[in-house]
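> Here is what each chain is made of, one letter per residue.
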Amino acid sequence: MSTGTETEPEAELAEPGSETNEAALESLLGERAIARDDHLNAPGFVINPNDVQDVLSDLRDEAGYDHLSCVTAQQYEDRYESIYHMKKFADPTDEVSIVVPTTVDDPVSQSAEPVFRTADWHEREAYDLVGVEYEDHPDLRRILLPETWQGHPLSKDYDQEKPQLVTLTEHQNPIQPDHHDAESDTMFLNIGPHHPATHGVLHVKTVLDGETVADVEPDIGYLHRCEEQMCEQGTYRHQIMPYPDRWDYVSAGLLNEWAYARVIEDLADIEVPEYAQIIRTMGAELCRIASHMLALGTFALDVYGEFTATFMYTFRDREVIQDILEDLTGQRMMFNYFRVGGVAWDLPEPREEFFEQTREFLNELPAKVGEYNDLITGNEIFQTRCIDTGVLEPEVAKDYGCTGPVARGSGVDYDLRRDDPYGYYEQLDWDVITRDGADNYARVLCRMEEVEESAKIIEQCLDLLEDWPEDERDVQANVPRTLKPDAGTEIYRAVEGAKGELGIYIRSDGSDKPGRFKIRSPCFSNLQALEEMSEGEYIPDLIASLGSLDIVLGEVDR
Amino acid sequence: MSSDEPRQTIYDSTAPSTDTRDARIGEGVDDRFNSKLREAFGASPFILTKFDEFMNWVRGNSMFMLQFGIACCSIEMMHTYAIKHDLDRFGAGVPRASPRQADVMIVPGTIVSKFGPRMKRVYDQMPEPKFVVGMGSCTISGGPFQEGYNVVKGAEEIIPIDIHVPGCPPRPEALLYGVLKLQERIKNGESSAVVVKPYELEEFGDLQKDELVQKLASEIDEDDLVMRYNWADSP
Ligand code: SF4
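Those protein sequence lines, which keep their order, are chains A and B. Under the numbering used here, the very last position in the first sequence is 558; numbers go up by exactly one each time. Under the numbering used here, the very last position in the second sequence is 793; numbers go up by exactly one each time.
FYI, nobody ran anything at the bench for these hints, they're computed from the structure. These figures come from a predicted structure and were not determined experimentally. In this text, a Cβ means the ideal position worked out from N, Cα and C, and glycines have one as well. There may be inaccurate statements among the hints.
To be verified - Chain A side only, calculated, beta carbon under 10 angstroms to chain B, not exhaustive:
(1) G200
(2) V207
(3) Y222
(4) R225
(5) Q233
(6) S251
(7) D557
As the list claims (entries may be wrong) - With the C-beta cut set under 7 angstroms, the calculated list includes, among others, these residues of chain A facing chain B:
(8) T148
(9) T167
(10) L168
(11) F188
(12) P196
(13) G221
(14) H224
(15) C226
(16) V391
Go ahead and model the full structure; you've got the sequences and the hints to work with.
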């Protein structure tokens, strides 16, 4: 008794209208498409490295593919390949992949940066890790690894044993006189990588003109833990699942695990029992609340600098959620609870106690949200501080590939739980929150309201779980011990993580380990927009904007 | 009035003392230099101890932690500071943002090549005596990312560590236990074991002129500080 919402990529492609869609695409690309290379999730067209800008801008302007969600680069024996995964903000199930092969000797292809701003960082990452070079790119240098690094670690001939040198002098003491520009009287300021306002180990190079921010440049990679390499070394069945917990580690573990579960279930064509889907949905939404609570607490910390009231209150609530999740999964943070084809085990016994505990939390939640509204969002000083600062116009947000609460705070109505449904979301009654403010305040409100929506979802899941007939409680599908998807199958799938569209691209090479595993992290794209949001504003507003983006470095750097 | 026995008001009353100063001093000879605390000590109003021991006692009971978040473990570290676990109960709950004000550094997460020199710099900026708690498997061996091309195989490759707290992440209770153990060691005057640290900050000019150094010679100045990672020698 499954709705089968998890395993429909082929069905989607075959649905009425998509044939014509493909035909339309074919005629739009015309001569420029030199071959087809279909992926499980989308039709794929191979183009020449010189046509990238041309094709992408046509796809955006003529066919409406306005979301460049990810750029994947990889090396085969005989070629390098960059894949542009494109979608529509209006309908994320309508996807197309543009495949750009280049030769091994001369891996140069045209940059997509002039068409989509978001390609900037994505292509820098591809250059850094795989070694594809992009012509026309405004600033092609390493992004995750230190600038003195030798070799490209995800390319075929990389030798991990070779020594490496890292310098400490990249960014000098800001007080040094040469950072004072004689004419413009600006000052260079380092924020991070060890700084309380950067939410981890982010480094922001800032140029100030008086108190106004003249230029910012986030410098990332201080937590680049080779997540993609780790996943490529693990077997599909069990060894990959623990890693997603550590991408967005702010208690969003189950949301991330779902990203992997979804992609592998689609790839290996596994149907998940409905009962397991409900448990997943409930767990994931609990994680979302915990994650948004931390975002709220640290934002208050950034804006007020108070370590006492709001911060402690949000941690009080997180403790309650972590207790519930610990009962369910056995761990406070790194759950490793999802399995390919279901979840690890059923709800904890005695079930009544679990339901009671969770309901108690939900019952208390409205009062707590009210408290936060009194303390923070209703506070006049807070409002003065946040309204109309860090403005991110919806068109700009789309250009940068922003998703999640950051995009929804700018009025971009994009939520994969509804638009590209998976799990049990489709059968439940809840709303997607959007706000038109496009400023720091809108993003905070958006998260607060999402907490309430999540609570609604959990409530309905609890009702369903409580009444579920005892002999139909299947928590896992029948999955073979080793999974070996057909060689050459490629798929990109995304879920709505706590911070936005969390996607995974897998190419299988016929073995029980992925040939290429690429993570599309929402924070990576969102952080890129910081520049747009904070230039010309005061330096405290830069900190507030950074806080309202709610980045987590484990996911930015991966 | 003799100070042999504490005054009754000390052990008897829990009411706040609202007496006037005269009443507090009491009858007879003015013994206002005998504070209540002193009297509570009994016969002699002195504690005899070695200055070193006294300093260790003070250090152990008032640790200023460095506000230092790296990776996933820092979330559990924040939970340890926050309500419920409340590290402040043990005199260690006020994280300082500046390393120059901190005594203890909790290293909560994975150290990657780019962050290694930074961590070393932060550690160097802390005043002596300084102590380090390594939190999580990553600071022990690189943890789940041990095989990564970019991951330092344990924080001990770069800075000395007094207490290791294993776990991925360790529960707040475990971190508390680690901090308490550290307090105990500080009070007993024990310091961290001397370890060989393979990765040090060095001036570029001092390095051996091997292939890698020659390649980078045009990019890096002679007196720039660099950290050289010999991955092949790592465990
Ligand atoms: S030990 Fe585990 S939880 Fe801690 S930083 Fe490493 S991966 Fe994260």
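> Now look at each hint and say whether the structure bears it out.
Quick rundown of the hints versus the structure:
| no. | hint | in the structure |
| --- | --- | --- |
| 1 | G200 | 5 angstroms, holds |
| 2 | V207 | 21 angstroms, violated |
| 3 | Y222 | 4 angstroms, holds |
| 4 | R225 | 5 angstroms, holds |
| 5 | Q233 | 7 angstroms, holds |
| 6 | S251 | 7 angstroms, holds |
| 7 | D557 | 8 angstroms, holds |
| 8 | T148 | 6 angstroms, holds |
| 9 | T167 | 5 angstroms, holds |
| 10 | L168 | 4 angstroms, holds |
| 11 | F188 | 18 angstroms, violated |
| 12 | P196 | 5 angstroms, holds |
| 13 | G221 | 5 angstroms, holds |
| 14 | H224 | 5 angstroms, holds |
| 15 | C226 | 3 angstroms, holds |
| 16 | V391 | 28 angstroms, violated |
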